[in-house]
Every structure is written in C-alpha cells, then in structure tokens.
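Number of protein chains: 2
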Amino acid sequence: MAKRIPLEKKVLSENDRLASELAERFAAARVLAVNLLSSPGAGKTSLLEETARRLGTELRLAAVEGDLATDRDARRLRAAGLPTRQINTGRGCHLSARQVADALSDFDGDGRPLDLEALDILFIENVGNLVCPAQFHLGERQRVVVSSTPEGDDKPLKYPVAFESADCVVLNKVDLLEATLFSCEAFRRYVRGLAPRAPILELSCRTGAGLDAWLNWLREERQAARKGRGLADSI
Amino acid sequence: MAKRIPLEKKVLSENDRLASELAERFAAARVLAVNLLSSPGAGKTSLLEETARRLGTELRLAAVEGDLATDRDARRLRAAGLPTRQINTGRGCHLSARQVADALSDFDGDGRPLDLEALDILFIENVGNLVCPAQFHLGERQRVVVSSTPEGDDKPLKYPVAFESADCVVLNKVDLLEATLFSCEAFRRYVRGLAPRAPILELSCRTGAGLDAWLNWLREERQAARKGRGLADSI
Chain A
1368 MAKRIPLEKK VLSENDRLAS ELAERFAAAR VLAVNLLSSP GAGKTSLLEE
1418 TARRLGTELR LAAVEGDLAT DRDARRLRAA GLPTRQINTG RGCHLSARQV
1468 ADALSDFDGD GRPLDLEALD ILFIENVGNL VCPAQFHLGE RQRVVVSSTP
1518 EGDDKPLKYP VAFESADCVV LNKVDLLEAT LFSCEAFRRY VRGLAPRAPI
1568 LELSCRTGAG LDAWLNWLRE ERQAARKGRG LADSI
Chain B
1368 MAKRIPLEKK VLSENDRLAS ELAERFAAAR VLAVNLLSSP GAGKTSLLEE
1418 TARRLGTELR LAAVEGDLAT DRDARRLRAA GLPTRQINTG RGCHLSARQV
1468 ADALSDFDGD GRPLDLEALD ILFIENVGNL VCPAQFHLGE RQRVVVSSTP
1518 EGDDKPLKYP VAFESADCVV LNKVDLLEAT LFSCEAFRRY VRGLAPRAPI
1568 LELSCRTGAG LDAWLNWLRE ERQAARKGRG LADSI
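If you read the protein sequences in the order shown, they are chains A and B. Sequential numbering from 1368 applies to the first sequence in our numbering. Sequential numbering from 1368 applies to the second sequence in our numbering.
Treat the hints as calculated values from the structure; they're not laboratory data. Some hints could be false.
[As the list claims (entries may be wrong)] Mimicking DSS-like on lysine-lysine, the simulated pairs with C-alpha atoms at most 30 Å apart in a straight line are: (1) B:Lys1377 <-> A:Lys1377; (2) A:Lys1376 <-> B:Lys1376; (3) B:Lys1594 <-> A:Lys1376; (4) B:Lys1376 <-> A:Lys1377.
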C-alpha cells in the first residue's frame, strides 16, 4: 500500500492537467459547464429533464452523462430534448477529465465533436456516488451537489468532501418532506458549515416546486460565464 | 495510466488475502459476518437499529461501522444496544479488509479485541457507496445490498457490480411506495437478472413492515454459519 499514495497523486494531477485544459476551452467558448454530483437516485437526471423542458427553447443546452452501465439516462435526456452523450464507466466510480474530453470530441458516436461555441450550458452528470467524483475536477465552472430528502438531513456531515466542494446545493424531493424525518433547518446548517457561500435550492422535480429558483441560478451563472466573471476562481 | 491496472490488481489481491484470513477467523468462530452495501441514505443504519432492537436479546450481535466522517451512526447503533466500532475513512470510498481486521483487534478503542467466539452475528456496515465497496471482499459470509424505493427501480441495472455480488437484497422504505414512481415488479426482475438466487426482502424500517422476513433470514443464515454449511462457497 506504500506505493499507492504517490500513484494516486499522479493520477489526480494528470486529471487536473486535463481538467484545466477543459476549463480553458469552456472559458474560451464562454459556455457554462456544470458538473452534477449526487448519491444514486437523488434526481440528477430528473433535474436535467425538467431543466431541458423549461429552458430548452431559451438557451442552447447539451449534456454528458456518466453511468456504470446502460444508456437509460441518456435516452431520458434526449427524450426531453437535450442532446446527450452517454459515457459508460464499467466499474469506474467517477468521470475523469479524459472521459469528458473524449466524449466532447466524439459527441454523436460518429466522430463529430460538440460545437462548444454554439452552446450556452453543458451539463456533466457524474456517476451516482457521493464520494469519489468529488476528487476529480472536470473543468467545470460550477459544481452542483444534489441531495434528496429521503437520504436524511445528515448527509453533508457524513460526506463532507462532496459538500465542501459544492458551488450550489440542490435539495430535491421536498414533496416527500412530510413522509420523511428530514429537517431542512438542520440540512441548511450542515451545508453552511462546509460551503458557506453555496446557494441551497429546495425543490421537487416531480411537482415543479422551487424549479424557478434553479433556472434563475442557471441563467445568472450563464451570464457570468458569458462575461467571463470570476473565471480565475473557477479554474 | 498504464501502470494503474497492475497496481489496482495488487491492492485488490492484498485485500483478498486479508479477506480470506478474516473469513477463516469468522468460520472458526462460527460467527455470521454480514457486509451491508448501499447508496448513502438507503437505510443500512436504520435496518441495524431495528435488528438490534428485535434480535438483541435472542442473539449476540456486534457491528463495525464505516463512514467518511463522524461517529453518528455508531452512536445510533450503540443507543439501540448494538456494540459498535466506528471506522472513519476520510476520503476513502470503501472499507478494506485491513480496516475491518484492525477494528476487530481494537474494538473498544482501548486495545481490547472483539471476542468473536462470544458472538452470533457481526454486521459490517460499509461506506454509503453503490460502486467501490462491491469490489472489496471483507471476509463476509453474506453480502446484503440495501436499496430504497425513492432511489428508483432501475438501480440494479445502473449499478450491476453491487447487485450481482449480493447474497440478499433488501428493498427498504416500502412505506414510500405510493409517493414514488417505483415498480416492485421491475425491481425484482432487474435483480433476478443479476443475482438469481438472492432473496429480495421488501420492508420498511420506519413502519416495521416486512422486518420479520429479514430477521428470519438472519436466523437461518446464523444457523448455517454455526453448522459451517456452504462455507466453501462463501470464501
């Protein structure tokens, strides 16, 4: 095991180098890249479906979708009108910057790259895992951690690495609040201790409650990306 | 990256060696070791709380509890009467056989080992992660994958590595079935495709529904472990 840490560092730094290249490409194209992290089943795909349905005529959107297996989520997103490239990781527990770069270079599976210049927002839906993806930057300008009420309000405390890296925290499935033992006040307090500046957006993809605040956050971040504001912070 | 696969194999085989040692120790003590895997918030700790409350006077139980951070779950289990050793993994995405062996050697934090001979069942609650823990054997005789209805019925398809390694699948939070879009029939079909022989136990830790079948499964597996039945399969 003694050799493991240096190699892990090497893998991480190689990923960081590629992530920086991606960040530069996104900045040059003035596209907002959003990396979404969550537990399995917290609702990342549902959030992107609703986003595509509500924002798809106003902004030019695309997605890269990471899963161990199947193209179910990519098919869901395409059905919602979102051009999507599926990445299957097999046993891989996170997306890497290399995988994202390769997906952008061959976005349609026929060798055609995604035209970043023709895009407003690129969503990168990571593998459902609240641990490993937090340690791999993908060149994103904004990192969104999606949590959901049935998971319990203590998830920030138990998975601090993900939450402390969040630029925005989405709390999904608030329609199940009454059916669960979830304290929004406790959840907000725990998130505040790890990511003091991240907005916390409570919503339900199922009922649509709270989605407007999420769409407005995307619009504002899209504007900031277009103007190149705060870029130094994000790379 | 070319060096990564051999090293990963080396780490895995070192873990396998230690896991085999643990399996031999568990078999010699005729203790049933159960490794619980799930997404964050699926209900592993709640399941062990209810198990301790209902089975704690009948069988001698103990637990090893894996989390990135905090000892919240260990305190919950101790409050339910279950002697528990917390392991904090930091950024670690799974428990290793080494961590379990160390926890057993120093079970109370004062250097006293757990007496396996005086035990009927040892629960090992893994880090909440449906990807990485599946690849690290911990010497367990039975591996239980806990899923929950709000996560969606397609989790077996999207996380096949965990489900295909399951000896038993628990579907928790069936009290939320009506509030979610979850098909028990689809879930069962997907699990069957990956783990044809694993029982699928639908239950709710909150209402207590279905817990009897889980307790009976534990009793039967405890009996089998005591008699040493099927041991060759489990190592």
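Hints and how they fare:
1. B:Lys1377 <-> A:Lys1377: Judged against 30 Å, a Cα distance of about 17 Å means the pair holds.
2. A:Lys1376 <-> B:Lys1376: The hint holds at about 18 Å.
3. B:Lys1594 <-> A:Lys1376: violated (47 Å)
4. B:Lys1376 <-> A:Lys1377: holds (18 Å)
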